[in-house]
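Q: Sequence:
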Amino acid sequence: MKKIIKGSSVYIVFLIGTVVAFLFFFAGNKIEIYTSSDSYCMSCHVHTSADMSWKQSVHHYNPSGVVIHCVDCHLPPKGEGYWPAKIKHGAKDVYGKYFKDPGELDWEDKSKIENAVNFTYEASCIKCHQNLFSKDLSKDGEDAHLHYQQEQDKMHCINCHIDVGHYDENRKHAKNLGFALIPSEKNLKKYKEATKVNKFENFTEQLPETSISFEMIAVKGGEFEMGSPDEKNDSFNKVQIENFWIGKTEVSWNEFLAFFRATESEGRKEAENSLVNLKVDAISGPTPPWGAPDQGWGKDKRPAITMSHHAAEVYCKWLSQITGKKYRLPTEAEWEYACRGGTKGDYFFNGEPDDFGKKGFIGSFFGNENTLIDSFVIYVNNSHNKTLEPIAIKGNPLGIKHMLGNVSEFCSNISDDGTEHIIRGGSFNDKAEDVRCASKEYTKTTQWMVTDPQMPKSIWWYSDCNHVGFRVVCETEQDEQK
26 MKKIIKGSSV
36 YIVFLIGTVV
46 AFLFFFAGNK
56 IEIYTSSDSY
66 CMSCHVHTSA
76 DMSWKQSVHH
86 YNPSGVVIHC
96 VDCHLPPKGE
106 GYWPAKIKHG
116 AKDVYGKYFK
126 DPGELDWEDK
136 SKIENAVNFT
146 YEASCIKCHQ
156 NLFSKDLSKD
166 GEDAHLHYQQ
176 EQDKMHCINC
186 HIDVGHYDEN
196 RKHAKNLGFA
206 LIPSEKNLKK
216 YKEATKVNKF
226 ENFTEQLPET
236 SISFEMIAVK
246 GGEFEMGSPD
256 EKNDSFNKVQ
266 IENFWIGKTE
276 VSWNEFLAFF
286 RATESEGRKE
296 AENSLVNLKV
306 DAISGPTPPW
316 GAPDQGWGKD
326 KRPAITMSHH
336 AAEVYCKWLS
346 QITGKKYRLP
356 TEAEWEYACR
366 GGTKGDYFFN
376 GEPDDFGKKG
386 FIGSFFGNEN
396 TLIDSFVIYV
406 NNSHNKTLEP
416 IAIKGNPLGI
426 KHMLGNVSEF
436 CSNISDDGTE
446 HIIRGGSFND
456 KAEDVRCASK
466 EYTKTTQWMV
476 TDPQMPKSIW
486 WYSDCNHVGF
496 RVVCETEQDE
506 QK
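Counting with my numbering, you get residues 26 to 507 for the letters of the sequence shown.
Bear in mind the hints are in silico, worked out from the structure with no lab data behind them. Quantities reported herein were computed from a predicted structural model and do not represent experimental measurements. Note that the Cβ used here is the ideal one computed from N, Cα and C, for glycine as well. Certain hints may be false.
No more than 25 Å apart at the CA atoms, straight line, and that leaves these computed lysine-lysine pairs for BS3-like [as the list claims (entries may be wrong)]: (1) Lys-117 <-> Lys-55; (2) Lys-200 <-> Lys-221; (3) Lys-342 <-> Lys-224; (4) Lys-469 <-> Lys-419; (5) Lys-137 <-> Lys-179; (6) Lys-419 <-> Lys-456; (7) Lys-411 <-> Lys-273; (8) Lys-263 <-> Lys-465; (9) Lys-125 <-> Lys-135.
Ranges of calculated distance between the beta carbons of each label pair, as one might list FRET restraints [unchecked claim]: (10) Val-83 <-> Glu-502: 56 to 66 Å; (11) Lys-137 <-> Gly-106: 22 to 32 Å; (12) Gly-367 <-> Ile-112: 30 to 40 Å; (13) Met-67 <-> Glu-377: 23 to 33 Å; (14) Trp-132 <-> Asp-441: 36 to 46 Å; (15) His-186 <-> Pro-109: 41 to 51 Å; (16) Leu-206 <-> Asn-87: 46 to 56 Å; (17) Asp-118 <-> Val-92: 12 to 22 Å; (18) Glu-147 <-> Gly-115: 19 to 29 Å.
The task is simple: from the sequences and hints, build the whole structure.
A: In C-alpha cells:
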C-alpha cells in the first residue's frame, strides 16, 4: 500500500512539475512576444521622435509593405546573445522611463554613429541583408559594399545606413550633386572687385562677382612665449611674429561654397594637380562630396567643415587669385599669437581648465561656474554636439571669434614625421582642457576616410571628420617681398 502511495506521489509531483514548466514556458513565451512588440517598445521609450522617424524610414514605409520591427535591429538574432541584450537594454529603458527626465537627455549625442553602434547589431543587419550585391544595386552601391567587405573590421553597416531604420532628411550617403545649390542672389548686391587695402588695419574682404564678404583682423607682430608647461608636455618657446591679417571667424560655408561653385571638378585627374595651376580659370576645385558635409546642421555663416587640408590650401590659392592678395593657412605660431591676443594664460580670459567642466561627485550637486568660458568658447558643455555661428560668442582681445572651440583649425605646419598636419584650438566636441590656447592635435587622414567608398578616395573631403575647419591669413606686402 505504501509503495502505491509513494508511486502516486512521484507521479503527482511529476505531473505538477510538468504543468508548472509548461505554464512557465508558455507565460515566458507570451511575455517575450509582448515585450518584443513595437507598441511595447514605444510605450517604454522616452525618445519621443523614435516612433515617427521609424515610420518614415524604409524599414516601415516602402513599396514592398514589409515592416522591420524594433527588435529586428536593436537586438541580435536569437542564438547570438539575444537574451542578455534584451535584458540589458530592457533594464536601461525601464530605468530611463521612471528615473530620468527625457528633456535632459542629449538625443543628438546618442544618435551619433559611435554611440548608435552600441544598440544596433550588425549581426541583425547581415541576417536580413545576406546578399550585398543584389541585382538592382547601383555602381556606387557596388563600390560601397566592396569597400565594406575590405574594411569590415573597421566599419559597421550604420556607418552608411544609419538613416535606414530612423529617417533623417539631413543624412545622405551618396554623391551629393546638389550640395552647393543656393537660393537666387538676384536681389543681392554683388561686388565688382576685391577690397583695396592701403593701410595695415582691419578690413572687410569682398569676393568679386558674389554678394559674400568677410572681416579680416590686423594682428601687429611681436615676440611671445608659445606653448604652456603642463602635464601634456607643452613647453615655452619664444617666437618672433611679423604683421599679418587673420580672419575674424573661420571660413564659413558661404565663403567656401563660393569657391566650390567656381572651381568644382567633375573628375579626379585634373583636380590632383590643382595646387600647381596658376591661372584662376585653371584651378580645379573639389569634386562633389560624398554625403552631407554640413551634417544637416546648416550652412550660411556656420564654419565650413569636412573638407581636407588639401582643399583648404586650394581655397587659399583661389582666394589669393581672385582678390590679388596673398592668402594662406596660418602657421602654428601665427595661430597661437592671434589666439592669445597679448595674454599669457591657458585661455585669453581668466581661468584654468580645472575651473570649468565637471568636478566629479561633489560637482554634480553644486555644479560649476561655466558662465565665463561659455561666453567665449563653443565646447562640449555648451555646443549641443554641433557647430554654431559667430554670433553665439564674444571675441578675444583682438576681436577674433572662435579661436578656441567650435571647430579645430588647420595650420600650415606638418607633423615631425611629415605625414599629418597640425590643427589647433579644439572643437565643439572637446572638454575645457582641450580648448586651451596651447592645445595641439594632428590630422588623422586614414581614420577620417574610413567610410569613403570611392576608389580612389577623395582628396577633397573627409568622410569621418566633422570637427575641423580653417581660417585664413593674409600676408602684408613686407611678408610677400621675403
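Q: None of the hints should be skipped; say for each whether it holds.
A: A quick look at each hint next to the structure:
1. Lys-117 <-> Lys-55: 21 Å, holds
2. Lys-200 <-> Lys-221: At roughly 39 Å apart (the allowed maximum being 25 Å), Lys-221 and Lys-200 break the hint.
3. Lys-342 <-> Lys-224: 23 Å, holds
4. Lys-469 <-> Lys-419: 30 Å, violated
5. Lys-137 <-> Lys-179: Status holds; Cα separation ~16 Å.
6. Lys-419 <-> Lys-456: At roughly 19 Å apart (the allowed maximum being 25 Å), Lys-456 and Lys-419 satisfy the hint.
7. Lys-411 <-> Lys-273: 20 Å, holds
8. Lys-263 <-> Lys-465: 17 Å, holds
9. Lys-125 <-> Lys-135: 15 Å, holds
10. Val-83 <-> Glu-502: 56 to 66 Å: At roughly 58 Å between Cβ atoms, Glu-502 and Val-83 fall inside 56 to 66 Å, so the hint holds.
11. Lys-137 <-> Gly-106: 22 to 32 Å: For Gly-106 against Lys-137, whose Cβ atoms are near 23 Å apart, the range 22 to 32 Å holds.
12. Gly-367 <-> Ile-112: 30 to 40 Å: With a Cβ separation near 59 Å, Gly-367 and Ile-112 fall outside 30 to 40 Å, so the hint is violated.
13. Met-67 <-> Glu-377: 23 to 33 Å: 46 Å, violated
14. Trp-132 <-> Asp-441: 36 to 46 Å: Since Trp-132 and Asp-441 have Cβ atoms about 41 Å apart, the given range 36 to 46 Å holds.
15. His-186 <-> Pro-109: 41 to 51 Å: 25 Å, violated
16. Leu-206 <-> Asn-87: 46 to 56 Å: 28 Å, violated
17. Asp-118 <-> Val-92: 12 to 22 Å: 21 Å, holds
18. Glu-147 <-> Gly-115: 19 to 29 Å: Holds - the Cβ-Cβ distance for Glu-147 and Gly-115, about 21 Å, lies within 19 to 29 Å.
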